[in-house]
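Novice: Each chain, letter by letter, is given below.
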Amino acid sequence: MREKENNKDNNWEPRIVAFFCNWCTYTAADLAGVSRLKYAPNVRIIRVMCSGRVDPQFVLDAFSKGADGVLIGGCHPGDCHYMEGNYKALRRMRLLSRMLKDMGIEEQRFRLEWISASEGDRVRSVINEMTEQVRALGPLGIPKKFEEWDKEMKEMENKMQGKEVTANA
Amino acid sequence: MPEKPKAAFYWCASCGGCEESVVDLAENILGVLDAVDIIFWPVAMDFKKKDVEAMADKSILVSMINGAIRTSEQEEMARLLRRKSKLIVAYGSCAHMGGIPGLANQFDKEEILRYVYEESPSTANAQKIRPESETRVDGNVLTLPKFYNVVRSLDQVVDVDYYLPGCPPTPRLLKQALDVLLSGKLPEKGTVLAPDVALCEECPRKDTKPNDLSFVEFKRPHNTVIDPNKCLLAQGVICIGPATRGGCEALCIKANMPCTGCFGPTSRIKDQGAKILSAIASQIEGKDEKSIDKTLDTIPDPVGTFYRYSLPVSLLRKKIS
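Sequence order for the protein chains is A and B.
Per the working numbering, the very first residue in the first sequence carries number 515; after that it's consecutive.
Per the working numbering, the very first residue in the second sequence carries number 13; after that it's consecutive.
Bound-form chain B, shown alone (with noise of 0.2 Å):
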């Protein structure tokens, strides 16, 4: 019996909700099992990294990476994955673009150790002990992962072939996604393994979308009732669907929630923040500074709100100190 292509997967800097998406392939998850060993799960199974040492380089026919890349740790095992796959898949948001941790990328590693271990309300540490990646106790070294100053994609650190995009990838992608790399026709390298079109394309309101919008006030999910059948634009709310690529069969909107932009954006656009940010503000009601800059004000977090999962791959990447 020929030998079953090889599949790993792996988690850096993620919440552990692209693992449950691999979960969620149901009972689709058995045809995988029959078609490639999975041979590297952390989260699943038992296999170590020296396991993965001892493989032949390239003998791994694709590794899924998900999570964004901040410490030492992280960046060996990419790179050791690396060496080991033919193909690399940067999974799901963090991989792909930063994602959530990225949004760490606004303050330094200095402030965030210190709020963490020193200011944060909960935190009772009167010494100020900080984790050290070497700590001397009883003449034995002990070591811990270095904590780097700025959180990356995946394809910061190494090459990747392919990025399976999502907060997390959703089953019927992943599932293509596999079928297309056991299929042999491998799609061009770099490919988003989603449709390169925006939200909008796919939203069950598309029709109610205005063509032309007038803010006057953003308003945020918590603090307004949402009418389900309408564009969330139209109704003042943010969504970042007319900059991020659909794919996602509008899961959140469908759940009467905004688009938060987890899928990216799409080939044409360089920088996922700015563009939605122009697209927005363009089209608000004021024409003199002052009138424009009260709307301003019902946004409180900028940054947050238009680099949601994209922060590190901007064009800025990080805060400027």
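Bound conformation, chain A alone (with noise of 0.2 Å):
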């Protein structure tokens, strides 16, 4: 059904929310930026101070105003600015991404990288990835699925205000 919806709208690209850590990855992805790496503008990257401080809300929001994918980036394990703050979002987005799974998110939808304020490249290459990953799976369109779902309430608020305006009358 996913790939129908694609293909009636050709002129989807994925849209991808990025949370960095100020320490490790947003530092990283400036490098990308100063050493000129090519990388897919599908990312709208989100700087938080620690990857400890996206809370799952953050993910949910994201996915349900339209995110197609939200990916997260930490400091390594140890390398943490806050000492732990990578470890706790480790923690809670291994069962955030078991409850997307059971809520219907595929996957490859969500990902959580480490990488540090040197790895400018990787920053490159996990977007891209990424890009490619959620673009092979296609929109996810949350918004449109709510609006859709709402439509079979459409039909009694007509039969409602049918009546009203007779009552009235």
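Rather than coming from a laboratory, the hints here were simulated on the basis of the structure.
Bear in mind that the values here come from a model prediction, so they are computed numbers and not experimental data.
Glycine is no exception: its CB is placed at the ideal position from the N, C-alpha and C atoms.
It is possible that some hints are incorrect.
What the hints assert, rightly or not - Calculated cross-link-like contacts (lysine-lysine; reagent style DSSO-like; alpha-carbon spacing at most 30 Å):
1. B/LYS158 <-> A/LYS665
2. A/LYS659 <-> B/LYS282
3. B/LYS140 <-> A/LYS665
4. A/LYS668 <-> B/LYS61
5. A/LYS615 <-> B/LYS331
To be verified - Stretches of chain B that chain A covers, calculated by requiring three or more beta carbons in the stretch to come under 8 Å of a beta carbon on chain A:
6. 153-162
7. 305-315
8. 323-332
Make one complex out of these two single chains by using the hints.
Specialist: Below you can see the structure in the form of structure tokens.
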């Protein structure tokens, strides 16, 4: 079904929301920039102070507002600026990804990566790879789903409004 | 004698427990009857839909509606009562957040009907007959309500003024709510009529909650002996209390059972399931994927555990298919 939607909308491009930690991955993305590395323009980067700051609510919010994928980038284990933040992120995201799977969101749409400040090249390869994986899956399009789901309510709304008009007449 | 204000009670997709909780007012129900005229309450009194239809718009002071919205009939009654009432109170977890019936949002309508009418072990239905919203019998048309694909909270269908949380709400909260609504000093629209603090605040085991938890294995109430004087989280039992609104007087905790989250989140939380998932997972002991996964394997049903009552109002609302 997603493929069909994909064909319908030829201009569709994957939209990936990325939460990068200030100390490692965001700096690495900066490095990728100054090194003039080209990567897919499908990622919207949001800088957070630590991957441990990424509340699972942020991830769900991104998906429910139309993201096709969510990427989180943090420091390598042992390198967290705040000692434990990335471990907390890892634990949360392991559980969150189980739940996302149960809720019908494909595993490749959600990814956690450790990228240190010196790994600009890795920012490029991860973003490119994820963009292609999400492209292959097609749009997730949750806002559209919400609209489709709520169509079943239209009939009664119209019927009741019709009644109201006659009652007042 | 001035006319008493009118009140209505109605049920949608629910178990009947909310109705019982009204009766649980015990002798206080006499005070309620002195103060209001109950003009519609299908579970207890013989009034019909047409009686409600005949009433003037906004002539009911308050309608307390419990249950989630799953069928066209429930939607129609909710819309009708909305039109006839000044105030709508979403009564109980199902009306508030979708509740237990809302867990059906993990499945599509087709999966549910197929299982219930064809596959479940106790079903004998060789012709695979399913309920239809219209059936012709001898030239007559019989109708049944339409079964929707999505379970909804009350406020996803009609405008809701107040929420009375709980599975079911306690008689104390109901009495307070009625007193407030009858006093005319109405709280801000959209208010949840319970304290806006986490259950831990009123938990009798509060002092035994350690600052740092370290989960290796999660235990479930049926396969562990729970110490009645110690924080449940400290015993490795998942308790949703930290992400749940208080006001229930910690009834489950006092019965030595963990909180399952029926009062919903406090006002600072957008998605109750994600929030408690976050709080609990971050305190797992393991630091690598393998040991974390081993601990997580002891949570067999994350969606049912963390969204027990709130799946329809969660950020994703329903399984994506």
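Novice: Would you mind marking each hint as holding or not holding in the structure?
Specialist: Comparing the hints with the structure gives:
1. Restraint check for B/LYS158 and A/LYS665: satisfied, since their Cα atoms lie roughly 13 Å apart, inside the 30 Å limit.
2. At roughly 20 Å between alpha-carbon atoms, A/LYS659 and B/LYS282 fall within 30 Å of each other, so this suggested pair holds.
3. For a cut-off of 30 Å, the pair hint linking B/LYS140 to A/LYS665 stands: about 28 Å separates their Cα positions.
4. For the hint pairing A/LYS668 with B/LYS61, the CA-to-CA distance comes to about 22 Å; that is within 30 Å, so the pair holds.
5. At most 30 Å may separate the alpha-carbon atoms for a hinted pair to count; A/LYS615 and B/LYS331 meet this at roughly 9 Å.
6. With 4 residues having a Cβ less than 8 Å from any Cβ of chain A, the stretch 153-162 of chain B passes the three-residue criterion, so the hint holds.
7. A count of 5 residues in the stretch 305-315 of chain B with a Cβ less than 8 Å from any Cβ of chain A is obtained; the coverage claim is therefore met, three being the minimum.
8. As drawn, the stretch 323-332 of chain B meets chain A at 7 residues by the rule of a beta-carbon pair under 8 Å; at three or more, the given contact holds.
Going down the numbered hints, you'll see the structure goes against none, and every one checks out.
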